[in-house]
Structures are given as C-alpha cells and as structure tokens.
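Each chain is listed here by its residues.
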Amino acid sequence: MTDVVDTKRAKSQAAGPYGKVGQVLNELDDRLGVAKGGRSFMDKIFPDHWSFMLGEIALYSFVILLVTGVFLTLYYIPSTALVTYHGSYLPLDGQRVTEAYASSVNLSFAVRAGLLMRQMHHWSCDIFVGAMVVHMARVFFTGAFRKPRELNWTIGTTLLILAIGNGFLGYSLPDDLVSGTGIRIAFSILESIPFVGSYLAFFLFGGNYPGATIIPRFYILHVLIVPAIIVGLVGAHLFLLVRQKHTQFPGKGRTENNVVGTPMFPVFMAKTTGFLFIVAGVTALLGAFAQINPIWQFGPYEASRISYAVQPDFYMGFLDGALRIWPSWSFHSFGYTIPLEVFIPSVVLPGLLFNIAYLWPALERKFTNDHAMHNLLDRPSNRPKRTAAGVAVLALMSTLFIASSTDVIANFFRLPLNEVLWGMRFFVILSPFVAYPLAWKICKELQAVQGGGKRKTTNVVTRTAEGEYIATPAPVYVDDVHAELDATPVPDFVVDEPEQAGESGVRTVER
Amino acid sequence: MLSIVSMFAMGPILLFVGSAGASAHTAYQTTRKNAGTPKASNVTIDPKTGVVISYGNSAITYNVPPSSLVTLGRALFLQNCASCHGTEANGVPVNGTSGAYPNLVGVGPATIDFWIDSGRMPAADPRAVEANRRVARLDAKQALAIAAWVNSLDPSYPDIPTPHLKHANLSDGAALFALNCAACHTIEGDGDALAQGTFAPSLRNIPAFQVVEAIRTGPGNMPRFTGNLSDKQVRDIVGYVTTEIQHPQNPGGFGLGGLGPVAEGFVGLLIGVGLLALVGFWVGERQ
Numbered sequence: 001m002t003d004v005v006d007t008k009r010a011k012s013q014a015a016g017p018y019g020k021v022g023q024v025l026n027e028l029d030d031r032l033g034v035a036k037g038g039r040s041f042m043d044k045i046f047p048d049h050w051s052f053m054l055g056e057i058a059l060y061s062f063v064i065l066l067v068t069g070v071f072l073t074l075y076y077i078p079s080t081a082l083v084t085y086h087g088s089y090l091p092l093d094g095q096r097v098t099e100a101y102a103s104s105v106n107l108s109f110a111v112r113a114g115l116l117m118r119q120m121h122h123w124s125c126d127i128f129v130g131a132m133v134v135h136m137a138r139v140f141f142t143g144a145f146r147k148p149r150e151l152n153w154t155i156g157t158t159l160l161i162l163a164i165g166n167g168f169l170g171y172s173l174p175d176d177l178v179s180g181t182g183i184r185i186a187f188s189i190l191e192s193i194p195f196v197g198s199y200l201a202f203f204l205f206g207g208n209y210p211g212a213t214i215i216p217r218f219y220i221l222h223v224l225i226v227p228a229i230i231v232g233l234v235g236a237h238l239f240l241l242v243r244q245k246h247t248q249f250p251g252k253g254r255t256e257n258n259v260v261g262t263p264m265f266p267v268f269m270a271k272t273t274g275f276l277f278i279v280a281g282v283t284a285l286l287g288a289f290a291q292i293n294p295i296w297q298f299g300p301y302e303a304s305r306i307s308y309a310v311q312p313d314f315y316m317g318f319l320d321g322a323l324r325i326w327p328s329w330s331f332h333s334f335g336y337t338i339p340l341e342v343f344i345p346s347v348v349l350p351g352l353l354f355n356i357a358y359l360w361p362a363l364e365r366k367f368t369n370d371h372a373m374h375n376l377l378d379r380p381s382n383r384p385k386r387t388a389a390g391v392a393v394l395a396l397m398s399t400l401f402i403a404s405s406t407d408v409i410a411n412f413f414r415l416p417l418n419e420v421l422w423g424m425r426f427f428v429i430l431s432p433f434v435a436y437p438l439a440w441k442i443c444k445e446l447q448a449v450q451g452g453g454k455r456k457t458t459n460v461v462t463r464t465a466e467g468e469y470i471a472t473p474a475p476v477y478v479d480d481v482h483a484e485l486d487a488t489p490v491p492d493f494v495v496d497e498p499e500q501a502g503e504s505g506v507r508t509v510e511r
Numbered sequence: 512m513l514s515i516v517s518m519f520a521m522g523p524i525l526l527f528v529g530s531a532g533a534s535a536h537t538a539y540q541t542t543r544k545n546a547g548t549p550k551a552s553n554v555t556i557d558p559k560t561g562v563v564i565s566y567g568n569s570a571i572t573y574n575v576p577p578s579s580l581v582t583l584g585r586a587l588f589l590q591n592c593a594s595c596h597g598t599e600a601n602g603v604p605v606n607g608t609s610g611a612y613p614n615l616v617g618v619g620p621a622t623i624d625f626w627i628d629s630g631r632m633p634a635a636d637p638r639a640v641e642a643n644r645r646v647a648r649l650d651a652k653q654a655l656a657i658a659a660w661v662n663s664l665d666p667s668y669p670d671i672p673t674p675h676l677k678h679a680n681l682s683d684g685a686a687l688f689a690l691n692c693a694a695c696h697t698i699e700g701d702g703d704a705l706a707q708g709t710f711a712p713s714l715r716n717i718p719a720f721q722v723v724e725a726i727r728t729g730p731g732n733m734p735r736f737t738g739n740l741s742d743k744q745v746r747d748i749v750g751y752v753t754t755e756i757q758h759p760q761n762p763g764g765f766g767l768g769g770l771g772p773v774a775e776g777f778v779g780l781l782i783g784v785g786l787l788a789l790v791g792f793w794v795g796e797r798q
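So the protein sequences, as listed, match chains P and U.
Residue 1 is where the first sequence starts when you use my numbering, and the numbers rise one by one after that.
Residue 512 is where the second sequence starts when you use my numbering, and the numbers rise one by one after that.
Only chain U is shown next, with the shape it has when bound in the complex (with noise of 0.2 Å):
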C-alpha cells in the first residue's frame, strides 16, 4: 500500500529512475543508513591485538588508521593545525572562543585526511570563506598519522578509503554522477562558482581516493552522501570520474577546455566569421 501511495507521490521521480538503468533504482532507497561504517560482517581485524584494521566490500575498502602513528600525529597537529582547532582539536584555540573553527573530534578519519591531503589544510587565510585546493604542505603519511590522533580521541567513521575501479561500471557511474554531482560540478566536471564566495572545484585533476572521501564527508558547501549511495555507486562515480571527466573523448577534435558554447561561440566568431570575412577582405576590393 505504501509503496503504491508513493509511486503516486513520486511520480517524476520514478520517471527518472525507471530510465537510470536498474541499479540507480537503488539511489533512492535511503534504507541503508551510513554506509562507510563497519559491520560484522565486513571487518577485517588484526589477529594479534584484536583491532579492526580495515571493513568494506569488494567496492571500497575502508583502512582504519595504524595507532602506531598517534604520537606523531599529535606532535604534527601540535605544529601545523592547533593554532586554529586548538591542542585538543576541538576548535578551541588557546584564548579563543569556542565555535570560530570547526570542532574536529568525531569527525572521522576521512575528513582530516581530504582536508590535509588536498592541501586545504592547513590553510593559507584561515578567514576565507572557502579553502582552495594547494600542494599538500604534509604528505600522506603526515596527514595518516594526524587523521590517527584525531581518530583516536573519539574514533569515528568513514575511515580512508580505497575504492576498487577495475570494476566500476561507468554507466551507472555516468547517470549517478548526472543525477548527484553535475547540479554543482557541471556535468563536465570543471566546477563552477556557487554563492556568495564559494565554489564547486574542478574535479579534473583529483585522485580517486579523495573524490570518495569528498562523496562520504561532504566537505565545505558539498552535501554528505551517505545513505542514499552505495560504496559500490560511489565506486562507479569515482570510477566515471577518473575516467570521462578526467580524459574526456574526444572524437570531434580538439575538446575547447569542455567549456561549451562559450567557447565554441569564440571559435565560431574569430575563427569562423573573422577568417572568412578576412579571405572577403584579401579576395575584395579595399579601400
């Protein structure tokens, strides 16, 4: 009875849906509550001491920071990251105010990961309303070891993952990816300004690693995906992501930055008009 109800209730959804293929049918199931997280089915565990070390499925695999590296993460976050968040990572400077910065406790190892590895943090003007996409200033390993500490005072999830593309299937990928991400990001993938002073960056040139932690921590503006994508749908996004956005075919030529018509009117005009009315110039009479 309810399902008939919200086929009524639903109706341009459903059209949707019924030509997304059959398994962006499942984008609009939110059954499934916090994907990202472990369960007991999916763990891996450690042996010897007993800690979970990894969970996931055959799509993403999510690894749980090594504790061995919480001692220099605590030391690196002394350095680069407390001046703002303050010593106990709760967004509490040293004579500051509470609520400035962001409170980082619980957050999961995932978002202190995308934030140090794509070089927005430690960031250059903490005052900005957005931070942009640097050369890390901290390496992998650096932000492992902070995402480590952090992770340790309240350990939370999603953890880092590793998404499996061999597999992705780039159709469903392309349809989600229309459906969920093209509305900020443009369907071609090169961002674009959003409101007042922030942006949707470009996702040209992004490890697939980080799009998936983009996609399970929503940073910044970006809204957090948990429960109505799977880790296979992530996979299949990050997997049309690292492929078509990333090296787009181009069969007609040379692709005009993916820019559109904007740049096609360019090319039209100069190229098109302005040499053919050049070649009216050289065959005509001037005076």
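Extracted from the complex, chain P is given alone in its bound form (with noise of 0.2 Å):
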C-alpha cells in the first residue's frame, strides 16, 4: 500500500508544481517555444473602460455571422435555375422561381433551426456594422486613430466598406423581389460611371442585367471571397492592437509610457468570453422573436416586377437617400450621357466620404503639425473642431438615411410626396452646416466647465434633530475602485513585472 503512495506523491512531485497541465504545458513549449509569447500574451494590458468593448460586439458579431453563414451554405444554393416550387409556404406553391429562392424558403420553412439561423445571421449583420459605426466613432472622437495607429485606422475603415459590401452581397442572394431591385439598382450604379460604366457592369454581371450568372458570382464573393479578406484584416486589426497597445483615457497614474488595466489572463480573458456569449444571446433572442426580412411575403424576383417602397437594410440607407434626392443632372454630349443624377450621389459621394475618412488622420497631422505619439485619449470636448466635423459627418449621414425614406414620412404624415423631397434636400444639406457650429460650441461649454469629464463625489445629504441640512461626501464605493486608477500591485501569478499592480488587478506595465 505505501508502495502506491510514494508513487503517486513521487509522479505529481515529478509534475512539478503546476501539475499535470503544467507538465502538458513544458511538453509544448519544448516543441513550439510558446512560452514566452504566451505569457507576454496573457500579460496584455486591457483597459476597462466601457467604450472599448465596442469594437468586441463587432468582433464577436462578426464570429455569429461566420457561424451561422457556415449553416446556411449548407441548405442555400446558389443558382437562377428556374423550378416550380412546392414547399410548405401555398401562396407560392407552383410558382416558377429560381433555385436560389426556392432554397432560401426551404431552408427558412423545412430546414430544422433553418429560420432561426438565417434571421440570426441577418441581424448580426446589422449588429456587425452598427458595431463598427459606432466604435469607429469612439476612435474618432478619442483620437485614437492618431500617430502611431494610422494603419489600424485604414484597416478599420476598409473593413467597413468590406462589411458594408458583403452585406449587401448577402441582401442579395435569396433573390427575393427586394433584394433583386438593389441588384438592379447595384447595375445602375455601375452603368453610371463616366466611360467605363457599361463595361464594369457587363464584367460583373457577365452580360446584360439580369443574366443568369450574378448569384453564383455573388454567392462566392460573399462566402468566400469578401470574408476571407475581412478574417485578414481582422487580424492584422488585431495584431496591431497588441503590438502597439491599447490607447487609455487619461487618469490618475496613467501615461503616455503605461498602460493601465486588468491583463488578458484571467480577468479580461472571462470577461470578454462573457461578453461573446452575452452578444450571442441578443443576437439569438432577436433571431427568435423579432422576424427580418420575410423573403417568403416579398415573392421571387422578376424582371418585370417592381415593389414600391423597397429599402435597403439600414447601413446603404444613406446612398439610397442620396439617390432619392438629387436632382435629376446628367450630361449629353459628344455621343456619351452621363448620368450625374446616379454618378454623383451613389459613386461620387461615398468615394469622397471614405476617402476623406482615410485621410482624416494625415490631414489632422497636416493642419494641427501634431507629429508626436499619443497614447492617451482625448476627450471630444477638448478637440472641439475635431468633434464638430464629426457631428457633422454624422449628421449629413444620419439625414441621408433619413432622405431614403421620403415616401415613408410622406404616407405616415400624410404629406405631399414632392414636398417631402424639396424638404429632404434642404435637411440634408443644412445638417451639417447647423451641427457643425452646435457641436463646437457645445464642447467650449463643456471645456468650461469645472471639474468637467471626472467622475463626481456624491454627497450625502443628513438633516438633523433641529432640521440643519448637512452634506458630507460619501464613503467610496467599493467598486469604484476603478475610479482613481491608482497603478496597484501585480498578482502573483506574474513574477518578472513586479512594479505596481493591486488587488483588484489594475495594474501598470510599461509600453
């Protein structure tokens, strides 16, 4: 019996003290030497604050999409064959439809978890670019796609036309009576371009609209194509992230040399798989209960058939407003037209847009000679010309989706459709020019206010025996501990960076 025992005690002495995991961990790193990139990855500094999980909801949307997208491959297929369906939904029982319409009902009506799947995938969609909308306006308005973080800025911004463009792509490929007019719109868009239009219209679709070849073309553009060049760039995006380190609002004990934080493991690590989950469960819910785009009521596309009051989904809300406004320009001359109406609006404005967006952080250099590094945040109201023509960007974008649903407002308030319009163009190209000028004042006001931007003492109010108010600040709380951010000292379980780390594991590790 003491035989087996010394045994025992002698193999989990032999483990050393990190038992048998710690033993399957040295086996690895004799092999593949992950050790020290491990710990400098486990190490990574992670700041709390509640505006960087932003850019997460993206990431983990993105995951969902993948996920999901994988399901739907299975049952989806991508062709403009024409068959007569027979399936559950009667009012399109025996009509001739494509099989890429045919099979997006199916997989909606008779595949088990079919519906739920694909409503999941398109609202985490919507989640996915809402997502990067937002969190490319908390870089925008903090600064933090300054020197050195430039390059993650364009890769930032590239993956938002990515997203934007696989979007749509997907918006596309049940062949729905909606979907097939952004096709055809899509066409237009191309057809617009001064001397090359036609050409990259009929290199796109392979002839004429419709043709038969745009869904297949548009299935593996979508599936394959486009995300494997956005899982690229997300991990550039990320790479980058860690190589150069989270950007921190200032604070007491924070630098421009430190980062201050909680380390990737285990505390963030726990909260950011969390925080996949949590993401995940909203985008199940509303995959569950709320019903998006119901393609089975929309019927197939034809040619020949029009819906009115079609939309696009949210995010190419603006250049369907910018469409639906502009008036009606377009050159004639020397044997070419050019459709300025189409060209303008839909080609010209987003390139400017997008454009002006990657250069922001080069021009910002240009007029403010600001050539230094920054790692700490601004706050938005301390960059008052900067946050200005952001509201105003914002806002010239928020009109023109606005400006895409004039017949909407004009039905709803049972007004004049024309006069909507007349209106739509006055909103739009005022918006700016008021938000501008608001903004920039709104954020001197905020400068000037004292003590702006911290965190406020509450006091606690006591009345006495004798009715004398008496106010006293309150005890802290003990979760804000976060609030002064004082560089505390590191776990133990982190031995070769011993300067300031704390109980709640907030610590300092230089850049």
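The set of hints was computed from the structure by calculation and includes no laboratory data.
A virtual CB, placed ideally from N, CA and C, is assigned to each residue, including glycine.
Among the hints, erroneous ones may be present.
A short, non-exhaustive set of chain P residues, derived as facing chain U with CB atoms under 10 Å [as the list claims (entries may be wrong)]: (1) Pro-47; (2) Ser-51; (3) Ile-57; (4) Leu-116; (5) Val-129; (6) Ser-304; (7) Phe-354.
Covered stretches of chain U, going by a simulated chain P footprint (3 or more residues, C-beta under 8 Å) [as the list claims (entries may be wrong)]: (8) 555-561; (9) 693-701; (10) 707-714; (11) 720-734; (12) 789-795.
Both chains come to you apart, so use the hints to assemble them.
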C-alpha cells in the first residue's frame, strides 16, 4: 500500500508545481516555444473603459456571422435555374422561381432551425455594421487614430467598407423581389460611371442585366472572397492592437508611457468570453423573436416586377437617400450620356466620404502640426474642431439615411411626396452646417465646466433633529476602485513584472 | 406568324410569364374585353319581371342593385351628394360650372358603392386632391340605394361584386399581385405616398368586395383593370389580399409592422447594438 502512495507522490512531485497541465505545457514549450509569447499574451493589459467594448461587439457579431453563415451554405443553392416551388408555403406553390429563392424559402421553412439561423445571420449583420460604426466613432472622437495607430484606422475603415459591401451581397442572394430591386440599382450605379461603367457592369454581371450568373458570382464573393479578406484584416487589426498596445483615457497613474487595466488572463479573458456569449445571446433572442427579411412575403424576383417602398438594409440607407434627393442632372454630349444624378450621389459621394475617412489622420497631422506619439486619448470636448467635424459627418449620414424614407414619411404624415423630397434636400444640406457650430459650441461650453469629465463625488445629505441639513462626502464604494485607477501591485502569478499592481487586478506595464 | 413576331417583341414579358405559372400567362391576353359585364351565357334573370338581377361566374357574381331602392336612392343622393355632383348626378352643382366635379352618370354601380362604402364619400373636404378612407357615413343599404338611382339614369357596368374566395388560388394571386399591385401598394400591401398629394392606400383592412370594386373600377389614381384580368384572376388576387396580405404569416417572430429594412435597422441598432453597448457599459469601467 505504502508503495503505491509513494509512487503517486513521486509522480506528482515529478510533475512540478503546476501538475499535469504544467507538464503538458512544458512538453508544448519544448517543441513550439509557446511560453514566452503565451506569457506576454496572457499579460496583455486591457484598459477597462466600457467604450473599449464596442469593437468587441463587432468582432463577436462577425464570429456569429461566420458560424450561422456556414450553416446557411449547407442548404442554400446559388443558382438562377428555374424550378417549380412545391413547399410548405402555399402562396408560392406551383410558381416558377429560381433555385436560389426556392432554397432560401426551403431553408426557412423546411430545415430545422433554418429560419432561426437565417434571422440570426441577418440580425448579426446589422449589429456587426452598426457596432463597427459606433466603434469607429469612438476611435475618431477620442483621437485613438493618431500616431502610431493610423494604419489600424485605415484597416478599420476598409473593414467597414467590406462589411457594407458583403452585407449587400448577402442581402441579394435570396433573389427575392426586394433584393432583386437592389441588384438592379447596383447595376445602374455601375453603369453610371463615365466611360468604363458599361464595361464594368457587364464584366461583373457577365452580360446584360439580369443574366444568369450574378447569383453564383455574388455567392462566391459573399461566402469566400470578401469574408477571407475580412478575416485577414481583422487578424491584422488585432495584431496591431496587441503590438501597439491599447490607448487609454487620461487619469491618475496613467501616462503616455504605460497602460493601466486588467491583464488578458484571467480577468479580461473571463470578461470577454462572457461578452461573446452575451452578444450571441442577444442575437439569438432577436433571431427568435423579431422577424427580419420575410422573403416569402416578397415573392421571387422577376425583372418585370417591382414593389414600391423598397429599401435597402440600414447601412446602405445613406446611398439610397442620396440617390432619391439628388436633382436630375445629366450630361449628354459627344455621343455620351453621363447620368450625373446617379453617378454623383452613389459613386462620388461615398467615394468622397470614405476617402476623407482614410485621409483624416494625415489631414489632422498636417493641420495641427502634431507629429507626436499619442497613447492617451482625448476627451472629445477638448478637441472641438475634430468633434464638430465628426458630428457634422454623422449628421449628414443620418439625414441622408432619413431621406431614404421620403415615401414612408410622406405616407405616415400624409404630406405631399414632392414637398417631403424638397424638404429633405434642405434638411440634408443644412444639417452639417447646423451640426458643426452647434457641436463646436457645446464642446466649448463643456470645456468651461469645472471638473468636467471627472467622476463627481456623491454627497450624503443628512437632516439633524433641529432641521439643519448637512452635506458630507459619501464613502468610496467598493466598485469605485477603478475610479482613481491608481497603479496597484501585480497579482502573484505574474512574477517578472513586479511594478505597480493591485488587489483589483488593475496594474501598469511599461510600453 | 404574328405570334412569332410578338415573341421577339415581348421577350422580357414572356420571360416573366414563363415563370409565373400557367394561369398568369393569360394576364397578357387582352382578348377578353370588358370583364365584369354581362354576357348571354352568364346572366340570371328574374322570371317574373324579366330584369337582370345578377351575372358572373363561379369566381365573382355581380349583383345589379334592385330597382325597388331607386326612390330611396334619389332622396339620399339629394341629401348627401347633390351639393357637389348636382341634382342630376352629372357633376354640375346648382349655380356651378360643369367639369368642376365628377360626372357620375354611367359610371356603374360598383364605382358608386366603392366610394360611399369605403367612407370616402360624402367627401370631408371636396377640394382635397384625394379623399381618404374613413368610417362610412352611409350604411351598405344606403350606398346600394344611391347606386341604384344613379344607375337608373344610364344603366352601366360593373355591378356590385361578390367574390367567391373559397377556391381562390393563392399562388396565382400572389404572382398577379406582385405584377399588378405591388408597384403602388407595395409587396406587403401597406400602401405608400405616390405623386404630389396622392396615396396608394393600405390594403390591410379592406373587405374583399371593395378590393374587387377597386380593381374593376379604378378609383382615383388607380388604373382600371378590365380586359387584362379575368374574374378568376381578380378572385385569386382578392384571395391573396384577404389572407396573406391582411394576415401575413410571420413564423420568424414579431412582424415589425411589415415596414421592412427601416424598422429592422432601428431594431438592429437600438436593441442589438444599443443593448450590447449597455452590457459593455455594465461590464466595463465607467468614468
């Protein structure tokens, strides 16, 4: 008996203080050399500010998009061949529809959990793009794009464009009446480009509209090519984030040369994994309880059919709005027609907006002559011009988005459509010019506020028996520890970076 | 020979027809003139008086308003309609000029019935570009009586329809709806604003016979569908409208009012991104 016990003890002693796990990791390290990189990755410090979670929403929606998207590819048939629909949705029974449409309806009705997956895919797409926009706004308004992070800003902007484009491609795949109208508009937009437009459009569509090749082509772009680029760029985005370390808001103990926050392992890892599940949970709830894109109600697309009040998904809304309100200008001469009323709002305008986004870090460097490294974030009100410019662009985009529902507004408020259209033209043009000075003024006013941007301390007001009121500062709450963000001692398990750590897990490392 | 030429000329149209099912094919045959009018083969005649009381087929029966209501109809017309349409229903009010208001003589009972029964007439504001649907001021019998009197001035068609929806083919109805109706009423039947001051009304809450009346008579901006839609096709459309448009199947959850991507965008941004940002706010540090 004693021999057995001794053997066990001997084995556990041989395994070292970390037991079998440690042994396995040792074996791995011997072969792959993971210890050094793994340690520095596990020690990666994440600032805790809530606005840093916005990008994570986008990241995790993308994960959900990939998972649900793989499910959808198992049942979707990317073909425009005509078949006769005989499925469980009776109002389509016996109609000649494309295989793409029939398979989309079938995967909604005949595949177990198919509709849930389709709806989750669509909802997480809306969340993906929406979260990217909010994340981009956070990065912009706090100045996180400044040197040395310009490249990551560029990658992020590219990701947004790719996400919008891939969203449009996916929206087109079911080949229903509404999305078919969108494809038609896309074809016309391509055609409107001077000189090369017709060639580009025919190249993409493999001939004239609608043709039989557009669905398979969009499919391979949507499920392989664009997602592959997105995955690559997301990897680069995250690699740069780890490599350059996070920015942080200024505060006690936080400088340009350190990062204060929680380490990747175990605090942030637990937090972010939980957040992944919350994102998945919210998406699943939306997919289960809120219907999105009911293609069976729209019917199959035919080039000769059209529905009024067709709108794209929200992230394409600003383009639709611009197309709607642009005056009907066009150029006819020298045997050419250039439809400026399509070309300017749908090609020039987004081109301009995204190019400004790409160039913004360089523009700001040029105009402010600020070439320094910036790891501390700006409070938006301390940068009134930048903040006002961002607000103006957001105002322009929002009013363009509202302009994409001129007909809905006219119908809902019983206003004449033409007057709504004209009203929208003024509204869109004026909005940035109103938003800029307004935002600038608000920033200036906020700057003047004493102690602005700092957490206010609570006062406890007590009344004495005589009726006198006395205000005394409240004691610090337990979860207020982060408020001061003192650099505190490193937890035990990190032995080689002893400087400044704390019980709360908040600590500081040198860059 | 003619058919071969037309096949080339109508290539895109035939492309549609080929995929919309066999019965939709007949939508483009304009040989049936004046659907909704009586033919020798489909008329029911009162054996005592020898007057036509109804006509039609197994899809739609058109009922002629009874002549017994003419006297009541004239009295109601003078009370409710004559201030604009004139005492002779010719659109010329007393001391007025002709052409200012619609001439109702010879429009057929279905037109009169539709405008009164949908509450659009008597008009709330006679100068408005478009009369809106309201709770009807006159009841069904009174509408029928007015239709009977106006029709007695110059008997015309179509008469008041009763669609028989039991055997309506929803699939054909859906295809025909997408082709003929969705361009204004939207594919979900919500209706929308058209040109200056005019609207395609929502179809969500409209009785079946009024849908037939609208299709056959073309009220307001709406085109009048007679030759290109048979009674059976109209019945199929009405069957689709009264089932799938008015009671859409929403297996995916809450239907978001059929408003499509606008409502979806708001839900996605406010509930999706908004809720998750709040969770982030909860999880993260607030300063």
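The hints, checked one at a time:
Residue-level restraint check for Pro-47 of chain P holds (minimum Cβ-Cβ distance to chain U is 8 Å; threshold 10 Å). Using the Cβ-Cβ criterion of 10 Å, the hint placing Ser-51 of chain P at the interface with chain U is satisfied: the shortest such distance is roughly 7 Å. The interface hint given for Ile-57 of chain P holds, since its Cβ lies 5 Å from the closest Cβ of chain U, which is under the 10 Å cut-off. Because the closest C-beta pair between Leu-116 of chain P and chain U is about 8 Å apart, less than 10 Å, the hint holds.
Checking Val-129 of chain P against chain U by beta carbon gives a least distance of about 9 Å; that is within 10 Å, so the hint holds. Among the interface hints, the one on Ser-304 of chain P holds; its C-beta lies about 4 Å from the nearest C-beta in chain U, closer than the 10 Å criterion. For Phe-354 of chain P, the interface hint is violated, the least distance from its beta-carbon to any beta-carbon of chain U being 20 Å, above 10 Å. Counting residues of the stretch 555-561 of chain U whose CB lies closer than 8 Å to any CB of chain P gives 0, so the stated coverage by that chain is violated, three being the minimum.
With 8 residues having a Cβ less than 8 Å from any Cβ of chain P, the stretch 693-701 of chain U passes the three-residue criterion, so the hint holds. Coverage of the stretch 707-714 of chain U by chain P holds. Counting CB-CB distances below 8 Å, 4 residues qualify, and the rule asks for three or more. Given as covered by chain P, the stretch 720-734 of chain U fails the check, having 0 residues with a CB less than 8 Å from a CB of that chain where 3 are the minimum. Residue count for the stretch 789-795 of chain U with a Cβ under 8 Å from a Cβ of chain P: 6. That meets the three needed, and the coverage hint holds.
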